[in-house]
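Colleague: Sequence:
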Amino acid sequence: MLTPGTWHKSSFSGGGQGDACVEVAHRHHHIAIRDSKSPASAVLTVPAGAFARFVGALKDGHSTVTDFARLRG
Numbered sequence: 001m002l003t004p005g006t007w008h009k010s011s012f013s014g015g016g017q018g019d020a021c022v023e024v025a026h027r028h029h030h031i032a033i034r035d036s037k038s039p040a041s042a043v044l045t046v047p048a049g050a051f052a053r054f055v056g057a058l059k060d061g062h063s064t065v066t067d068f069a070r071l072r073g
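Per our numbering, residue 1 is the first one in the sequence shown, and the count goes up by one each step.
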């Protein structure tokens with residue numbers, strides 16, 4: 001579970017400096033997502049339930065936007 005308002009960096013940060021990743025934060029009933037290399041830039045916010053389904057789909061081997069859209073209905 002994410003701590004409200006605290007940004008968490010992905011454990012899959014890539015090579016090199018480890019800055020090629022995203023960060024997420026729990027905000028009430030939404031999940032905020034930002035680029036770790038540019039934290040002051042735009043933030044994408046999605047409903048927490050949709051984010052959970054998205055992460056679940058990735059874990060199940062569905063890795064394309066089309067697969068996620070199909071799961072979302």
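Read the hints as simulated data drawn from the structure, not as lab findings.
Accuracy of the hints is not assured; some may be wrong.
Computed Cβ-Cβ distance ranges for the label pairs, DEER-style [said to hold, decoys possible]: (1) Leu58 to His30: 15 to 23 Å; (2) Ala40 to Asp60: 16 to 24 Å; (3) His30 to Ser10: 17 to 25 Å; (4) Thr6 to Ser41: 16 to 24 Å; (5) Lys9 to His30: 23 to 31 Å; (6) Thr6 to Gly56: 16 to 24 Å; (7) Thr45 to Cys21: 12 to 20 Å; (8) Pro39 to Asp60: 23 to 31 Å; (9) Cys21 to Ala52: 14 to 22 Å; (10) Gly49 to His8: 30 to 38 Å.
Virtual Cβ for every residue (Gly too), placed ideally from N, Cα, C.
Colleague: At the C-beta level, are Thr6 and Gly56 separated by a distance inside 16 to 24 Å?
Modeller: Holds, since Thr6 and Gly56 (Cβ atoms, about 22 Å apart) stay within the stated range.
Colleague: Holds or violated: 15 to 23 Å for the Cβ distance of Leu58 and His30?
Modeller: 19 Å, holds
Colleague: The hint says 23 to 31 Å between Pro39 and Asp60; measuring C-beta to C-beta, is that right?
Modeller: 30 Å, holds
Colleague: State, for the Cβ atoms of Gly49 and His8, whether the hinted interval 30 to 38 Å holds or is violated.
Modeller: About 18 Å separates the Cβ atoms of Gly49 and His8, which means 30 to 38 Å is violated.
Colleague: Could you see if the CB distance from Thr6 to Ser41 stays within 16 to 24 Å?
Modeller: For Ser41 against Thr6, whose Cβ atoms are near 19 Å apart, the range 16 to 24 Å holds.
Colleague: With 17 to 25 Å as the target window, see if His30 and Ser10 comply at their CB atoms.
Modeller: Holds, since His30 and Ser10 (Cβ atoms, about 18 Å apart) stay within the stated range.
Colleague: Take the C-beta atom of Ala40 and the C-beta atom of Asp60, compute their distance, and say whether it sits inside 16 to 24 Å.
Modeller: Cβ of Ala40 to Cβ of Asp60: about 34 Å, so the range 16 to 24 Å is violated.
Colleague: Go ahead and decide if the range 14 to 22 Å is satisfied by the Cβ distance of Cys21 to Ala52.
Modeller: 19 Å, holds
Colleague: Is 12 to 20 Å respected by the C-beta to C-beta distance linking Thr45 and Cys21?
Modeller: Given a distance of about 18 Å, which is inside 12 to 20 Å, the answer is holds.
Colleague: For the pair Lys9 and His30, does the Cβ-Cβ distance stay inside 23 to 31 Å?
Modeller: The hint (23 to 31 Å, Cβ to Cβ) is violated, given that Lys9 and His30 are roughly 19 Å apart.
Hints 2, 5 and 10 from the list above are not met by this structure, while the remaining hints are.
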